[in-house]
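Trainee: Next come the chains, spelled out residue by residue.
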Amino acid sequence: KQEVTQIPAALSVPEGENLVLNCSFTDSAIYNLQWFRQDPGKGLTSLLLIQSSQREQTSGRLNASLDKSSGRSTLYIAASQPGDSATYLCASDQTGANNLFFGTGTRLTVIP
Amino acid sequence: DAMVIQNPRYQVTQFGKPVTLSCSQTLNHNVMYWYQQKSSQAPKLLFHYYDKDFNNEADTPDNFQSRRPNTSFCFLDIRSPGLGDAAMYLCATSRAGQGGETQYFGPGTRLLVL
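Here the protein sequences come in this chain order: A and B. Residues in the first sequence are numbered consecutively from 1, following the numbering used here. Residues in the second sequence are numbered consecutively from 1001, following the numbering used here.
Please keep in mind that the hints were generated in silico from the structure rather than gathered at the bench. Every residue gets a Cβ at the ideal spot worked out from N, C-alpha and C, and that includes glycine. Be careful, since some hints might not be right.
To be clear about the criterion: a stretch of chain B counts as covered by chain A if any three or more of its residues have a C-beta under 8 Å from a C-beta of chain A, and this derived list gives those stretches [to be verified]: (1) 1035 to 1047; (2) 1105 to 1112.
To give an idea of the interface, some chain A residues facing chain B are shown, with a C-beta separation under 7 Å as derived from the structure [stated by the list, open to error]: (3) LEU44; (4) SER46; (5) GLY103.
Whole structure, please, built from the sequences with the hints as guidance.
Mentor: This is the structure in structure tokens:
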């Protein structure tokens, strides 16, 4: 069964800093890898989706990469802002049916 | 605005007393999902509907049931809530596709079991 791990569990950075969030998964037979944002007490917002055939996806200040062979994905956030403070979760789709296995997330705090 | 709505946002129930959580969507998506997220844990898929076809995850307890009377609404029924069922319950929707469809989440219902 797929296991998705995100380390560290929490991260604090000063405003303006570039940062990288890590996601690792045990089963490389994935259809896609997705990154979500979750604000406290709220639902999830989809940020980026990388198909298994892709290496990276970009949206604004966010860039996600995927290395299936090593079972890793990273989310790069450029020029961090206090509004980026949230928990970031990655999830893998194993079957193509959009049944996602989530990691426990990295809680990011951007300090003004 | 098209969205996924969950009611109530907070639900308190008693140990063993059946409870129903509701989800509605204005996105006209074929697929609806229910996730359970316990404190500081990853969301865990309970089941999903592809149109009217119900798909249960293998490890979802029998205590959890779901109904989808039409495209817009989906309900999560917990027949006999235990203390371990206290969690945030998240509803999500997506278009039908061959993988890679974005899921849109509601704000969640936080369930407390006394």
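Trainee: Could you tell me which of the numbered hints above are not met by this structure, giving the numbers in increasing order?
Mentor: When the structure is compared with the hints, none of them turns out to be violated.
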